[in-house]
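Undergrad: Chains as they are written, first to last, in the numbering used here: chain V, 2 to 503; chain X, 2 to 503.
Please keep in mind that the hints were generated in silico from the structure rather than gathered at the bench. It is possible that some hints are incorrect.
[Unchecked claim] Selected chain X positions facing chain V (Cβ under 10 Å, derived; list incomplete): (1) Pro3; (2) Ile10; (3) Asp29; (4) Gln45; (5) Ser51; (6) His54; (7) Thr58; (8) Pro254.
This one's a predicted model, so the numbers in the text were calculated from it and none came from an experiment. Beta carbons are placed, not taken as given, at the ideal position from N, Cα and C, and that holds for glycine.
Listed here are the chains, written in short residue letters.
2 protein chains.
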Amino acid sequence: MPTKYEELIERVHELDDLNKANALLYWDREVYMPRGGVAERIAQMTTLSSLSHRMSTSDEMGELIEAAAAEIDGAPYDSNEASLIRLLQRNYADARKIPAEYVARSSAISGRTREAWVKARAENDFAHFRPWLEQVIELCQELADYYGYEDEKYDALLDKYELNMKTAEVRAIFDAVKAELVPLREAVDQSRVSLNDSIVHQPYDIDKQKAFARYIAEAVGYDFERGHLGTVVHPFAISFSRNDARITTRWYPDFLNPSLFGALHESGHAMYEQGTHPDLARTPLARGTSLGIHESQSRMMENIVGRSRGFWQAHFPKLQSYFPEALGNSTAEDFYRAINKTQPSFIRVEADELTYNFHIILRFELEQAMLNGDLPAAELPTSWNDKMRELIGITPPNDKEGCLQDVHWSRPGFGYFPTYALGNLYGAQFFETAVSQNPAILDELAQGKTTALLAWLRENIHQHGKKFTPGELVQRVTGRPLDHQAFMRYARAKFSDLYALN
Amino acid sequence: MPTKYEELIERVHELDDLNKANALLYWDREVYMPRGGVAERIAQMTTLSSLSHRMSTSDEMGELIEAAAAEIDGAPYDSNEASLIRLLQRNYADARKIPAEYVARSSAISGRTREAWVKARAENDFAHFRPWLEQVIELCQELADYYGYEDEKYDALLDKYELNMKTAEVRAIFDAVKAELVPLREAVDQSRVSLNDSIVHQPYDIDKQKAFARYIAEAVGYDFERGHLGTVVHPFAISFSRNDARITTRWYPDFLNPSLFGALHESGHAMYEQGTHPDLARTPLARGTSLGIHESQSRMMENIVGRSRGFWQAHFPKLQSYFPEALGNSTAEDFYRAINKTQPSFIRVEADELTYNFHIILRFELEQAMLNGDLPAAELPTSWNDKMRELIGITPPNDKEGCLQDVHWSRPGFGYFPTYALGNLYGAQFFETAVSQNPAILDELAQGKTTALLAWLRENIHQHGKKFTPGELVQRVTGRPLDHQAFMRYARAKFSDLYALN
Numbered sequence: 002m003p004t005k006y007e008e009l010i011e012r013v014h015e016l017d018d019l020n021k022a023n024a025l026l027y028w029d030r031e032v033y034m035p036r037g038g039v040a041e042r043i044a045q046m047t048t049l050s051s052l053s054h055r056m057s058t059s060d061e062m063g064e065l066i067e068a069a070a071a072e073i074d075g076a077p078y079d080s081n082e083a084s085l086i087r088l089l090q091r092n093y094a095d096a097r098k099i100p101a102e103y104v105a106r107s108s109a110i111s112g113r114t115r116e117a118w119v120k121a122r123a124e125n126d127f128a129h130f131r132p133w134l135e136q137v138i139e140l141c142q143e144l145a146d147y148y149g150y151e152d153e154k155y156d157a158l159l160d161k162y163e164l165n166m167k168t169a170e171v172r173a174i175f176d177a178v179k180a181e182l183v184p185l186r187e188a189v190d191q192s193r194v195s196l197n198d199s200i201v202h203q204p205y206d207i208d209k210q211k212a213f214a215r216y217i218a219e220a221v222g223y224d225f226e227r228g229h230l231g232t233v234v235h236p237f238a239i240s241f242s243r244n245d246a247r248i249t250t251r252w253y254p255d256f257l258n259p260s261l262f263g264a265l266h267e268s269g270h271a272m273y274e275q276g277t278h279p280d281l282a283r284t285p286l287a288r289g290t291s292l293g294i295h296e297s298q299s300r301m302m303e304n305i306v307g308r309s310r311g312f313w314q315a316h317f318p319k320l321q322s323y324f325p326e327a328l329g330n331s332t333a334e335d336f337y338r339a340i341n342k343t344q345p346s347f348i349r350v351e352a353d354e355l356t357y358n359f360h361i362i363l364r365f366e367l368e369q370a371m372l373n374g375d376l377p378a379a380e381l382p383t384s385w386n387d388k389m390r391e392l393i394g395i396t397p398p399n400d401k402e403g404c405l406q407d408v409h410w411s412r413p414g415f416g417y418f419p420t421y422a423l424g425n426l427y428g429a430q431f432f433e434t435a436v437s438q439n440p441a442i443l444d445e446l447a448q449g450k451t452t453a454l455l456a457w458l459r460e461n462i463h464q465h466g467k468k469f470t471p472g473e474l475v476q477r478v479t480g481r482p483l484d485h486q487a488f489m490r491y492a493r494a495k496f497s498d499l500y501a502l503n
Numbered sequence: 002m003p004t005k006y007e008e009l010i011e012r013v014h015e016l017d018d019l020n021k022a023n024a025l026l027y028w029d030r031e032v033y034m035p036r037g038g039v040a041e042r043i044a045q046m047t048t049l050s051s052l053s054h055r056m057s058t059s060d061e062m063g064e065l066i067e068a069a070a071a072e073i074d075g076a077p078y079d080s081n082e083a084s085l086i087r088l089l090q091r092n093y094a095d096a097r098k099i100p101a102e103y104v105a106r107s108s109a110i111s112g113r114t115r116e117a118w119v120k121a122r123a124e125n126d127f128a129h130f131r132p133w134l135e136q137v138i139e140l141c142q143e144l145a146d147y148y149g150y151e152d153e154k155y156d157a158l159l160d161k162y163e164l165n166m167k168t169a170e171v172r173a174i175f176d177a178v179k180a181e182l183v184p185l186r187e188a189v190d191q192s193r194v195s196l197n198d199s200i201v202h203q204p205y206d207i208d209k210q211k212a213f214a215r216y217i218a219e220a221v222g223y224d225f226e227r228g229h230l231g232t233v234v235h236p237f238a239i240s241f242s243r244n245d246a247r248i249t250t251r252w253y254p255d256f257l258n259p260s261l262f263g264a265l266h267e268s269g270h271a272m273y274e275q276g277t278h279p280d281l282a283r284t285p286l287a288r289g290t291s292l293g294i295h296e297s298q299s300r301m302m303e304n305i306v307g308r309s310r311g312f313w314q315a316h317f318p319k320l321q322s323y324f325p326e327a328l329g330n331s332t333a334e335d336f337y338r339a340i341n342k343t344q345p346s347f348i349r350v351e352a353d354e355l356t357y358n359f360h361i362i363l364r365f366e367l368e369q370a371m372l373n374g375d376l377p378a379a380e381l382p383t384s385w386n387d388k389m390r391e392l393i394g395i396t397p398p399n400d401k402e403g404c405l406q407d408v409h410w411s412r413p414g415f416g417y418f419p420t421y422a423l424g425n426l427y428g429a430q431f432f433e434t435a436v437s438q439n440p441a442i443l444d445e446l447a448q449g450k451t452t453a454l455l456a457w458l459r460e461n462i463h464q465h466g467k468k469f470t471p472g473e474l475v476q477r478v479t480g481r482p483l484d485h486q487a488f489m490r491y492a493r494a495k496f497s498d499l500y501a502l503n
C-alpha cells in the first residue's frame, strides 16, 4: 500500500513527463519542424497543455496534495518533500484561481494580438496595434484580480515570475540603479575614449561560428553529453531533464556577437538545469528558482565571464585560429574592448551590458502605469519616447524601434520584463559572493576556466532547483536581500577602466 | 449539445495528439537527443504510452464508441465516420483483451531480451540468447491466446499487422513465390553474365551524399516543406501529421547504396502519410493501411522506381555531377547494372531485390514452427541454416550472420516479418495496375519523373489511409486479391534481361 506521498509523486512524475513532452513539441517546432506542420503542432501542444492542466487542477489532485502534506508534516523546510509540497500547493492554488474560460479567451486573444503586432511592427503602425494592446491591458488587469494582491495590482503578476517579490521592492532597487547608472552612462558618453567594435562586424564563416560556439560553450562548462546546440530565429534554452538541457542560437554572416554571446547566455541557462540535483528529477523542482535567478546564470556566463578581460586573454588565440582573416591582426585586448563598447541604442535585445538595464526599467514603469490605468494604450508611444530620453538620452525615430519592438505585450505577461534586469543584479551579487568565498575563481577565469565558479554555482544555486523562493535563495547564498550594490560596483569598475573614467 | 460522435472525435483527436507527441519523443531520441538523456526519455515515453492506453481503453471510452456507433448507424462502409468507428472498435476490443500485467511483463522481458541479444550477436553466442528466446516464444504464444484465433495460432499475431489476413493465405502465396523464385535465382546464379558493382563501393563524400539524398527524394515526390531528413543508425520514417512526415537515413563513406536507396525507401513510406486525406487528420485513420501496404510504397520507390533503368538514365548525369571522381567514367547503364547485382547473401538488410523475399519466407516459416511448439529455441540455428541452403543455396558461417542477425525476436513480435515480403508483392501488383490504367507512368519514369505515378497512388491508396483492410484495398485497387504473379512477372522480366537468361 503506497503512502499518499508516494501516490502523489507518481502523479507528479507523470505530469512532469507530459510537460516535458510538450516542451519537446515546442523545441522541435522552433528547431527542426518543417513549416508545413505548424497547424497540427499547435493542436498537439494545446492538447498536451490542457491534459496537463486538467490533471494538475482536478479536485482529486488537490485532495492528494493535502493528504500527502499531512503525511509529511514536520519535514524540514528545505527537504525535498516539504519543498515539493509547497510548490504544488502554490501552483494548485494559483491554477484554481483562473477560470478555464479566461484561459481559453486569453489564449485566443494572444494569438490574434501577436499577428496584429507582427503586422504593426513591420509597417511601423502603432494605431493598428493599439486596440489589441488595450485588450492585453484588460487581460492583465483581470488576471491580477483573479490572483489577488495586498498592496499593488502589479504584485499579483510579478509574483508569478519572482515568487513573493513585491513591486515596491523592485522599484526601490531600480530607482537606486537609475540614480547611479544614469550618471555613469553620461560619463561614458562624455569620455574621450571611444571603443572600436569594427572587428566583430566582419565576415565570419557560419560553419566556423558553429564550431566555435560549441568550443566556447564547453569552455564555460556546458556538457554536450547532456546537451545539444540547435539553430533558431529567436534563441532560447530548454530542458527535458537535467541530462538533456539544450541551447539554441542564431548566426549572422557578418557579425560575431549574436552567436558567441548567445551561446554563452543560453549555456548559462542550460548549465543551471544540468546542475539541478538528481533527486529532484521528474518533478517541477528540477527547474530554475525563478526567471530572474535563471537570468542571473545566463547573464553571468554572457557578461561577467564572457565579456571579461582574463577570459579572452585565454581564449582569443583559439578564436583567432578559427578566424585568422578577421582577427589575425588584432590582440585579445582589442577584442575585449570591441565586445564591451557601450552606447545608447533603441533596441533592447541589441543593447550593451551597461544600458540594457535602462530598457528594462522603462518597461517596468510603463507596465505598472498601463496596469493601474494611468497610461492609456494610445499614449504609450509618447511615454515610451519620454522615458528613452530620460534614461538613455535618445529618442526613437519611430515606434518600430520604440514601443513596438518586443513581442511581450502581445500576451498578458506584464511582470516578466523586470526579471531580465533582476537577473543582472542577482548575477553580480552572486558572483561577488562566490569570489569572496573562493578567490581562486578569478585566477581560474584569467586562464579561461570556470571549474571553480561552476562548482560554487552548483553547490549554492543549481542543485536546489526550485526549492526556495528567489528571496530565500539570495539571502541564503549572499547573506542579504537583493540590492543594486554588487552590480554597480562591478559596472563602475569595469566601465571606468574601459572608458578611463575616474 | 455535441453529439456522441462529436464527443468521440474530440477524444480521438486528443489521443492522436498524445500519440504523436510520443512519436516525437521517439524520433528525437533516435535523431538528436544527447545520449545522457536516455533514462528520462524512456520514462517520458512510458508515461505517455500508459496515459494513452488508459484513456483509450477506459470503460467510458468503450461506451462512447458504442454510443457514437449507434448514432452513425447506416453511414456508408467507406465513409470516414464508419471507417473510424470500425477501427476504434477493433483497437478497443484488441486492447481490452490484453491484461495490463502482461503488457508490463512483456515490456520488461523485451528490454532485457534486447540486451541479451545485443551481447549474443556481438559475441556470436546463441547459447546466451536461447533462454531469452524461449521466453519470447512463450510471450508470443500467450499473446496469441489472448487475441484468440480460429484456424492457426499464427493468425492471431499476423492479424495485428495485416488485418484479417490468414496465415494459410500468406503461406499459399509464399509457396507460389518459392516455386518460381528459386528456379529464377538458380538461373541467375548459373548465368554467364556477372554484374559488377564495384562503382558503388568507392569513397563518396558524406555531405554530397546528403545533398543528393535530398535531391533524389524530391525527385520521386517527397515534399520537404512537409518533411525532414535526419541521420540515424537504423533508418525509419515517421509522421506527426500529413504535413510533417519525416525520413531518416545513414551514411557510409565508401558505399553509396544505403543512403541512396534508404532515402528512396523512407520517402516511399513518408509520401504515403503525406498523401492521407486532410479530413482524416488527428485520427488513427491518417496512417498507412497496414505494415505490408506501407512497405509496398517504400519498396516501390526503392526498387520498382529507384532501381529502374529509365529512372537512372534521367538522373545519372546529376549523380555524376555530384561525384565526378567516382562516376565520371561510368555510364547510366553501368550504374543500373551495379545497383541490380543479385547474389546469395546472409544478411537480410543487405539482400538484393530478388533474394530478399527468401530471407522473409524463411523467418515466416520458422516463426510458425516456434509458435506452434514444433521448433524449440535450441534447434533454431540448425533449422535456420537448413532453410538458408534450401532457399538461397548458402550456409551461414556462424549464428551472428544467421539466426542472431535481427532484433525482431527480442520482443513478442512474431507476424511482423512477413509484411516485408508482402510489401514487395503488393507493390508489384499495384504498380502493374497503375501502369495498365495510365501507361504514361512508364514514359514519365523514363524521364526520371513520378508525377503520374504519385497522382495514381494518392488517388487509389494514400488518401484512404487506414479506412480499409489490406485485403479490401488490394481488391478495390487491383480488382483481385493479392497474389504472386505481378511480382514474378516483374522480377522475371527484369532479371532475365539483366542476366541474359534464355
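Undergrad: For the restraint on X:Pro254, tell me whether the closest CB of chain V is nearer than 10 Å.
TA: violated, 19 Å
Undergrad: Under 10 Å is the threshold here; is the Cβ of X:Asp29 close enough to any Cβ of chain V for the hint to stand?
TA: holds, 6 Å
Undergrad: Grab the minimum C-beta distance from X:Ser51 to chain V and call the hint holds if it beats 10 Å, violated otherwise.
TA: Holds, because the Cβ-Cβ distance from X:Ser51 to chain V comes to roughly 8 Å (cut-off 10 Å).
Undergrad: Quick check on the hint: X:His54 CB to chain V CB, less than 10 Å?
TA: violated, 13 Å
Undergrad: Close enough to count: is the Cβ of X:Ile10 nearer than 10 Å to one in chain V?
TA: violated, 13 Å
Undergrad: Regarding the hint that X:Pro3 lies at the interface with chain V, is the smallest CB-CB distance below 10 Å?
TA: Hint violated; X:Pro3 Cβ to chain V Cβ min 16 Å, cut 10 Å.
Undergrad: Can the hint on X:Thr58 be confirmed by a CB-to-CB distance to chain V that is less than 10 Å?
TA: violated, 16 Å
Undergrad: Verify the interface restraint on X:Gln45: the C-beta must sit less than 10 Å from at least one C-beta of chain V.
TA: Check passed: Cβ of X:Gln45 comes within 4 Å of chain V, closer than 10 Å.
The structure does not agree with the numbered hints 1, 2, 6, 7 and 8 stated previously, though it agrees with the rest.
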